[in-house]
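Peer 1: Residue strings, one per chain:
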Amino acid sequence: MTSEIILAGFGGQGILFAGKVLAYCGLTASKELSWLPSYGPEMRGGTANCSVCISDQPIGSPLVLEPDFLIAMNIPSYDKFIGTVKPGGKAFIDSTLIDEKTERTDIEAFYVPATQLSADNNLNGMANIILLGKLIKETGLFDMELIRKGLEKCIPPKKANLIESNIKAIETGFNY
Amino acid sequence: MERNLMKGNEALAEAAIRAGCKCFFGYPITPQTELAAYMAKRMAKAGGVFLQAESEIAAINMVLGASSTGVRAMTSSSSPGVSLKAEGVSYMAGSDLPGVIINVQRGGPGLGGIQPSQADYWQATRAMGHGDFHILVFAPSSVQEMVDMVIKAFDLADEFRMPAMILADGLLGQMMEPVSFPEITAKTIEKPWATNGHKNARKHNIVNSLYLQAPDLQRTVQERFERYEKIKQTHTEAESYLTEDAEIIVTAYGATARVAKSAVNAAREAGLKVGMVRPKTLWPFPVRELNEGCKNAKAVLCVEMSMGQMIDDVKLALNCSLPVHFFGRTGGVIPTPNDVLAEIQKIGGAL
Amino acid sequence: MAVVFERPKSLVDVSTHYCPGCTHGIIHRILCEVIDEMGIEGDTIGVCPVGCSVMAYDYFRCDMIEAPHGRAPAVATGAKRSNPDKYVFTYQGDGDLAAIGTAETVHSATRGENIVVIFVNNTTYGMTGGQMAPTTLPGQVTQTTPFGRDTDLAGFPVRVCEMLSTLDGVALAQRVAVDSVPHVREAKNAIRKAFENQKEKKGFSIIEVLSTCPTNWGLTPIEALGRLRNECIPYYPLGVYKDKYAEEVAK
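Here the protein sequences come in this chain order: A, B and C. Going by my numbering, the first residue of the first sequence is number 10, and it counts up by one from there. Going by my numbering, the first residue of the second sequence is number 14, and it counts up by one from there. Going by my numbering, the first residue of the third sequence is number 2, and it counts up by one from there.
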């Protein structure tokens, strides 16, 4: 069983970080995994995306072309990737920033006003993690205990104070 | 063993430090810059030297200077920067100096692009500078192999007194994968030739690549090539995957081999007898291993992120015994498993 | 009988490949005298350039590295950074140091690499048969400036000590000459000071030695010394261009 995930949005939205959280959860769960960022000028304020593969088998190509799961946090990313989601796949869309609904009926789309939720819950800048919480709930990839462990590995010790707010963001998305 | 999650570029750096690399000299270039940044953070604490050079040319020559004194030294860059290092690599080869050079390849020629590529195969295996010489070339296909091969590169470079290169690419450099660091007992190889101050206890040592008498230079180069012959006999490496009954053998190295492997698996599911031989050393090229893997093959497909460079070595190794097909993407475009599968099916249909 | 004058111990007893009348021999000698006097031959690593002194590794008895053209300061940086307790010097000509190796020169200087650079300036490319160097004087005839260096076409000479003296990493930048006995003495003292600087970890010291090339200048050795005195020194005035620690003491 392999889960291929694309996370995409603007640079600065924590796209690569949210991907890293998934990767560290995979590491903690003793899975095979890969994390591959888009790199170069795209990172500087343009669109950023990353591919994450989590599997019981060794990962072949780490570049995800047809994701099982998509997190989209801006319109260009939504436009670019919504059509690539595998039939039967799931898309998680920040509906505060993306005012569109997909016409695809062969995938499940979840519209989460993540940016609004982050503002309402004193979780500024954590829309990425809120969407991740929703993804965790709808895919069952990892349980909460594992996510906490993954976050602890992912967040450097000197920023350990951020672990609790990240957990809160995960829960906010999970419970939406 | 503890699994860490690291970028390929960072894993290369950490492996070098653990292999006893005492000096790193670099210059920023995408997509390998994390390596220098990691060294900047870690090297001093590990008791070594990190220095950002004024150019790739200076960086390789700092490696030359440090290596002359007997310490393990490394530099890293990406394609355009590696071209600038060619002069220094040639001098190091001509002076019988060890040293490790990392090339996290990107698209070329010229400034090219910054996306992953394998278009420097010819440069690495044929012409990493002027003159008659070879360097050891390792082609990792995972972050773990980047670690293992850096350690091996330092050991063999010291043993055979020649530069060694890790020929990676932007995809491997940028991706994160679980990686473990083996317990390393850094080989200590005596270097009686090192120019580290004779302390009035021996004759003065000279590190030099100049031989003005043609017969002297010829003899020196011939002796070096005798050493190369020994390495060819003993230090080739390749991974053979599902080759036993394979009628079609896919050859690919580095990141491309990961894509090819996915395609081989898909082809097997479709009932095709397909296997893969993945060279792990590019110089010396695993001639024996490839022929062994092809013993039941009727055709070979070489897949690369270039217009076809390793295919030359594949053909030379097989010596016209099999038809060799090619599929490549270049300029930073990464081939997909479906692309490769389609090529396999095309070849399979014609068998 | 007391020996009052002999070959320095660190200068290997072989005939050199230098042309008759070339002043490299003098500069080699005073450098070796300094190494002997400081008793540091066993702790010294020298770096040769490409150019006339490319084979100086056969003449200096300390450990020697032969660097690619212009890269001696980078090679010396690698050697010194990995061996901070050793003395490291480069011995470079004007083409090597001020043309193809300008970047390496400037950056090792501004980093304050704790090395000694002996810069032999004879205003021409000697090894390749006398072409224009970055230090060739305006009007000077060379193989590649057959009508004299035309500054409209070929630009102006580089004054290395003046240029490097603006850099904070430079401890000592001094120009000397070997055209006369007093000047040779002065040159030796400067080289000694540069090595003392390295001993005291003061940073980058460059001694520019104005030198001759009778063969490519087309002059007798005596005439060449005359040209050095009458044409080169006026364009490249001798003196201390920077002495960071003297300045600090003065403050």
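It should be emphasised that the hints constitute simulated quantities derived from the structure, not laboratory data. It is possible that some hints are incorrect.
Stated by the list, open to error - Chain A stretches covered by chain B per the calculated footprint, using a threshold of three residues with CB under 8 Å from any CB of chain B:
1. 31-38
2. 107-121
Claimed, not checked - With the C-beta cut set under 10 Å, the calculated list includes, among others, these residues of chain C facing chain B:
3. 39
4. 42
5. 58
6. 63
7. 73
8. 111
9. 113
To be verified - So these bits of chain A aren't anywhere near chain B, every CB distance computed over 12 Å:
10. 25
11. 47
12. 48
13. 155
14. 185
Beta carbons: idealized from backbone N, C-alpha and C, even for Gly.
Peer 1: Does each hint fit the structure? Answer for all of them.
Peer 2: The hints, checked one at a time:
1. 31-38: holds (count 3)
2. 107-121: violated (count 0)
3. 39: At about 13 Å, which exceeds the 10 Å cut-off, the nearest Cβ of chain B leaves the hint on residue 39(C) violated.
4. 42: Because about 7 Å separates residue 42(C) from the closest Cβ in chain B, which is inside the 10 Å limit, the hint holds.
5. 58: holds (5 Å)
6. 63: This interface hint holds because 6 Å falls under the 10 Å limit.
7. 73: holds (8 Å)
8. 111: holds (9 Å)
9. 113: Since the shortest Cβ distance to chain B is 12 Å, the answer is violated.
10. 25: Non-interface label fails for residue 25(A): nearest chain B Cβ at 10 Å, not farther than 12 Å.
11. 47: violated (9 Å)
12. 48: Violated, since 5 Å does not exceed 12 Å.
13. 155: holds (15 Å)
14. 185: holds (28 Å)
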